[in-house]
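Protein chains in written order, with the numbering used here: chain A, 1 to 252; chain B, 1 to 193; chain C, 1 to 94.
The set of hints was computed from the structure by calculation and includes no laboratory data.
All residues carry an ideal CB built from backbone N, CA and C; glycine is no exception.
A hint or two may mislead.
Straight-line distance between alpha carbons at most 30 Å, and here's what the computed DSSO-like set of lysine-lysine pairs gives [to be verified]:
id : chain 1 : residue 1 : chain 2 : residue 2
1  : A       : Lys100    : B       : Lys161
2  : A       : Lys23     : A       : Lys178
3  : A       : Lys242    : A       : Lys184
4  : A       : Lys184    : A       : Lys23
5  : A       : Lys178    : B       : Lys109
6  : A       : Lys100    : A       : Lys178
7  : B       : Lys109    : A       : Lys100
8  : A       : Lys242    : A       : Lys23
9  : A       : Lys100    : A       : Lys23
Looking from chain B toward chain A, a few residues come up when the C-beta cut is under 8 Å (computed) [unchecked claim]:
id : residue
10 : Tyr35
11 : Leu134
12 : Val138
Output of the computed footprint for chain B on chain C, the stretches with three or more beta carbons under 8 Å from beta carbons of chain B [unchecked claim]:
id : segment
13 : 11 to 24
14 : 47 to 59
15 : 78 to 84
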Amino acid sequence: MSSVAPPAPPSTHRDVAPERRRKLDQLICWWTIPVFYNIFGLIFVVLTRVMPPPRPDITQAQMVEFFADNRLTIQIGFALLMFFVGFTSVANALIALQIKRMSVAPVFAYGYIVALAVGALPGCLFAAFAFLAAAFRPDRDPEIIAMLYDLGLLSFVGSLGCFVAQNTVLALAIFLDKNDVLPKWLAYMSIWMIVTELLAGPVFIFRSGPLAWNGSISFWMGTGVFVVWQFCIIRLLYTAIKNQNADEVIQD
Amino acid sequence: MATVSEADKAGRNHLPGDGNMWVFVLGDLVIFGGYFIIFMIYRHQERDLFLESQQHLSLTVGVVNTLVLLASSWFVATSVQATRAGQYQRAIRLTVIGGGCGLVFLAIKAYEWTSKIGQGYTFPSNDFFMFYYLLTGVHLFHVALGLLFLGVTFAELRSPKLRRVSMVETGATYWHMVDLLWIVIFALLYVMR
Amino acid sequence: MSVRLPQAARSTTVVWAVLSAITVVSWWLGPAHHSGPPAPSTAITVAVLALGLFKARLIIRHFMEVRTAPLWLRVSTDVWLVALWGGVLGIYLY
Numbered sequence: 001m002s003s004v005a006p007p008a009p010p011s012t013h014r015d016v017a018p019e020r021r022r023k024l025d026q027l028i029c030w031w032t033i034p035v036f037y038n039i040f041g042l043i044f045v046v047l048t049r050v051m052p053p054p055r056p057d058i059t060q061a062q063m064v065e066f067f068a069d070n071r072l073t074i075q076i077g078f079a080l081l082m083f084f085v086g087f088t089s090v091a092n093a094l095i096a097l098q099i100k101r102m103s104v105a106p107v108f109a110y111g112y113i114v115a116l117a118v119g120a121l122p123g124c125l126f127a128a129f130a131f132l133a134a135a136f137r138p139d140r141d142p143e144i145i146a147m148l149y150d151l152g153l154l155s156f157v158g159s160l161g162c163f164v165a166q167n168t169v170l171a172l173a174i175f176l177d178k179n180d181v182l183p184k185w186l187a188y189m190s191i192w193m194i195v196t197e198l199l200a201g202p203v204f205i206f207r208s209g210p211l212a213w214n215g216s217i218s219f220w221m222g223t224g225v226f227v228v229w230q231f232c233i234i235r236l237l238y239t240a241i242k243n244q245n246a247d248e249v250i251q252d
Numbered sequence: 001m002a003t004v005s006e007a008d009k010a011g012r013n014h015l016p017g018d019g020n021m022w023v024f025v026l027g028d029l030v031i032f033g034g035y036f037i038i039f040m041i042y043r044h045q046e047r048d049l050f051l052e053s054q055q056h057l058s059l060t061v062g063v064v065n066t067l068v069l070l071a072s073s074w075f076v077a078t079s080v081q082a083t084r085a086g087q088y089q090r091a092i093r094l095t096v097i098g099g100g101c102g103l104v105f106l107a108i109k110a111y112e113w114t115s116k117i118g119q120g121y122t123f124p125s126n127d128f129f130m131f132y133y134l135l136t137g138v139h140l141f142h143v144a145l146g147l148l149f150l151g152v153t154f155a156e157l158r159s160p161k162l163r164r165v166s167m168v169e170t171g172a173t174y175w176h177m178v179d180l181l182w183i184v185i186f187a188l189l190y191v192m193r
Numbered sequence: 001m002s003v004r005l006p007q008a009a010r011s012t013t014v015v016w017a018v019l020s021a022i023t024v025v026s027w028w029l030g031p032a033h034h035s036g037p038p039a040p041s042t043a044i045t046v047a048v049l050a051l052g053l054f055k056a057r058l059i060i061r062h063f064m065e066v067r068t069a070p071l072w073l074r075v076s077t078d079v080w081l082v083a084l085w086g087g088v089l090g091i092y093l094y
């Protein structure tokens, strides 16, 4: 009996590489987030002029003029978006993974993924396609150009349901989480996101004023809250990854 | 002083509830502050319209709603004191009544909206009514959320293993904020001219 | 322990009574109860806003117990009160 060597403790069999690799894969995913949002800002603010949006209460001729003036940068900007939008799938997968680390059922992680998979279309791609179509043939009937203008901007600002769902599952998951993966105050900030998303609903009714798609409440306050939330979650995700135990078992 | 409240004994340094809720409350106060300032700017530009539209609101309903919320805050504040004194059954009763007042508020608000819509004053009627429905609507959302938080407080108080004072304080803090926001809405929409 | 309760309870009840009384007073200050749009009144509005500030501060200080909270919370809530009611009054008078 004494000649049988005791089984070697697990640590000597575990080489260091898998631990570093586990964090490296998450960190790569994390990096896509700040990169994406900087590019997103460049595309939507500088190139395509969707943020802040042009007014809903202009004439058809002015809408045609908008596309004529910005034709080149719209095409460059949204072509870029087509490539980089894939980064968001990685970002959302990362957040979903962190939600799975929480003590709640993975249903919230799945809900998060689905909400944003659906939300990506009205949330940015629809506007891209509408504007690209409008810019594609400048001599198109002005009525059709005006409709593409409306379609793009209504969908961009007014697509709220998916993001309400996203923030609801995130807030619920954080509140119920006993593992403290993400702090509770992020859950409260997600509630602000829900409110500001709901306040984007009226853009389908108003062509001017604070609740129009360029309004002080529906657009500006909503965007302000979103930017703050985004900064916070980028920072918090990094901390969560860093604090994660390398051999932590994440639920299936 | 022979009789001091527990908070006083903590030496003027007791943060009720937890820091997370205060992030929420202070942020909400700033966000609502934004709505109120925007309201005032539009009111400034359309003074006559706002004055004319204001008469169609029922001041009596506004006063009743305010009194209901103030009473609910009394119940919630008292339930926090009961929790601190270990009187959990009393705290539960007070929380339930406070929440009940919140439900009464919602019912009165639903009645008020219904009657306004019946009189033809809808969301897109004019800028005043846009703000009326906007401000009271967002506030309504917060009342509903507050009732949810009070529900969590109720569950906390019911379970002998929990009954953490800080949890009860947290729900109460949010509820008082809901009351506070209504005070502002009442002054801006119903009373000032 | 039970001697602590009456003091805090009494203060809460007094605050509630004051708040409710001011609310009823605003029923009189409110727009006139005859037909036609209310007549604008700077004096009444200033009074309403001052009372609003007073009520809001009472709720914050007593119900929300900021009176016995750390300094940063006392200061930031007072700053919010001044910014809000001051801003509202400023725009009204502009």
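- prompt: Taking a Cβ-Cβ distance under 8 Å as contact, does the segment 47 to 59 of chain C have three or more residues in contact with chain B?
  reply: This one holds; 7 residues, not fewer than the three required, reach chain B with a Cβ under 8 Å.
message: Need the status of pair Lys100 (chain A), Lys161 (chain B): alpha-carbon distance at most 30 Å?
response: 27 Å, holds
- prompt: Under the criterion that the straight-line Cα-Cα distance not exceed 30 Å, is the pair Lys178 (chain A), Lys109 (chain B) satisfied?
  reply: 37 Å, violated
field: Hinted pair Lys184 (chain A) and Lys23 (chain A), Cα distance within 30 Å
entry: 24 Å, holds
field: Holds or violated: Lys100 (chain A) to Lys23 (chain A), with C-alpha atoms at most 30 Å apart
entry: 16 Å, holds
- prompt: For the segment 78 to 84 of chain C, do at least 3 residues have a Cβ located nearer than 8 Å to some Cβ of chain B?
  reply: holds (count 3)
query: Do the numbers back the hint for Leu134 (chain B), that is, is its least Cβ distance to chain A under 8 Å?
result: 7 Å, holds
task: Measure nothing beyond the straight line between the CA atoms of Lys100 (chain A) and Lys178 (chain A); if it is 30 Å or shorter, mark the hint as holding.
output: Measuring from Cα to Cα gives roughly 12 Å; hence the hint holds.
field: Holds or violated: Lys242 (chain A) to Lys184 (chain A), with C-alpha atoms at most 30 Å apart
entry: 18 Å, holds
- prompt: Are 3 or more residues of the segment 11 to 24 of chain C near chain B, judged by a Cβ distance of less than 8 Å?
  reply: Check passed, 8 qualifying residues.
- request: Quickly compare the C-alpha distance for Lys242 (chain A) and Lys23 (chain A) to 30 Å and report which way the hint goes.
  value: 8 Å, holds
message: Check whether the Cα positions of Lys109 (chain B) and Lys100 (chain A) lie no farther apart than 30 Å.
response: Violated. Lys109 (chain B) to Lys100 (chain A) sits at ~40 Å, over the 30 Å cutoff.
Violated hints, in rising order: 5 and 7; the structure is consistent with all others.
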